[in-house]
Amino acid sequence: MIFFQLVDAVFKAGENTNRAGDRDRSEAAWESANQYEYDLLQYMDRVVNERDIEFKAVILKTANALAISRLGPDAKYDVLRTVHVADPSTVGAGHHSAYTQAILVLGYWIDPAEERFSTGEKREMTDVLLSKAASYYEMADSDQTVNVEATLRALGHAASPEALSALNKWTRSQHPSLREASQSASAAVRARLQRVSQ
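Under the working numbering, the first residue of the sequence shown is numbered 3, with each subsequent residue one higher.
What the hints contain is simulated information worked out from the structure, not anything from laboratory work.
Values in this document were obtained by computation on a predicted structure and should not be read as measured data.
Treat the hints with caution; some may be incorrect.
[Said to hold, decoys possible] Lysine-lysine pairs mimicking BS3-like chemistry, simulated, CA-CA at most 30 angstroms apart:
#, residue 1, residue 2
1, LYS14, LYS63
2, LYS63, LYS78
3, LYS58, LYS14
Whole structure, please, built from the sequences with the hints as guidance.
And the structure:
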C-alpha cells in the first residue's frame, strides 16, 4: 500500500519539474524525476500481480502495460474504458500515457498464451484494436504516431486473418516507425496462424 502511494506521489511531483524558474536546475530536476519514474515502472513490471487489484487506480494511471496486464480480468472494464475514452493527458516528468499503455495491455490479453480470458473476450478486445487501427488509418495526422504504433504492436499478439489484413495496410505508411511496427507485428501474426493451421 505504501509503495503505490509513493508511486502516485512521485508521478504527481514529476509533473511540476519543468515549471522551475532556473533552466539548468529545471533540466537536472527533470532528468532525476524521469529516471526515478523509469525505475519505478521497471519495478512494477516485476512485482505487480492480480492481488494488487485494490491499487488499480494508481496502477492504471502510472504503470507500463506489462504490469497492468497482470491485474487480469478484474481490470478489463477499466482498460477498455481507458481505450474508448482515449484521454490524451499524461502524468509525470516522462509524460506517461495511460491511454497508450491500455492499448498495449489489450495486446497482452488477446495473445493465445493468455488463458484468463475466453475466446469471446479476446475477439471483443481484438475488434476494439481493429477499430482503432482503421480509424487511425484514415487520419493524415502524425501526432498520433505513438498510439498507432502501440495499436499495431498490440495487434501483433492476435491470431486472426483480420488482424493480419489490418496490419498489412500499414506496411506502406509514410512513417518508418509504423512500417517497422507493422512488418514486425504481421510476421508474428503470420507465425501464429501457421502454427494453428498445422
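A quick look at each hint next to the structure:
1. The suggested pairing of LYS14 with LYS63 holds, with an alpha-carbon distance near 11 angstroms, which does not exceed 30 angstroms.
2. Distance restraint check for LYS63 and LYS78: the Cα-Cα separation of roughly 14 angstroms lies within the 30 angstroms cut-off, and the hinted pair is therefore satisfied.
3. Only pairs whose Cα atoms come within 30 angstroms are accepted, and LYS58 paired with LYS14 is accepted, the gap being roughly 16 angstroms.
The earlier numbered hints are all upheld by this structure, with none contradicted.
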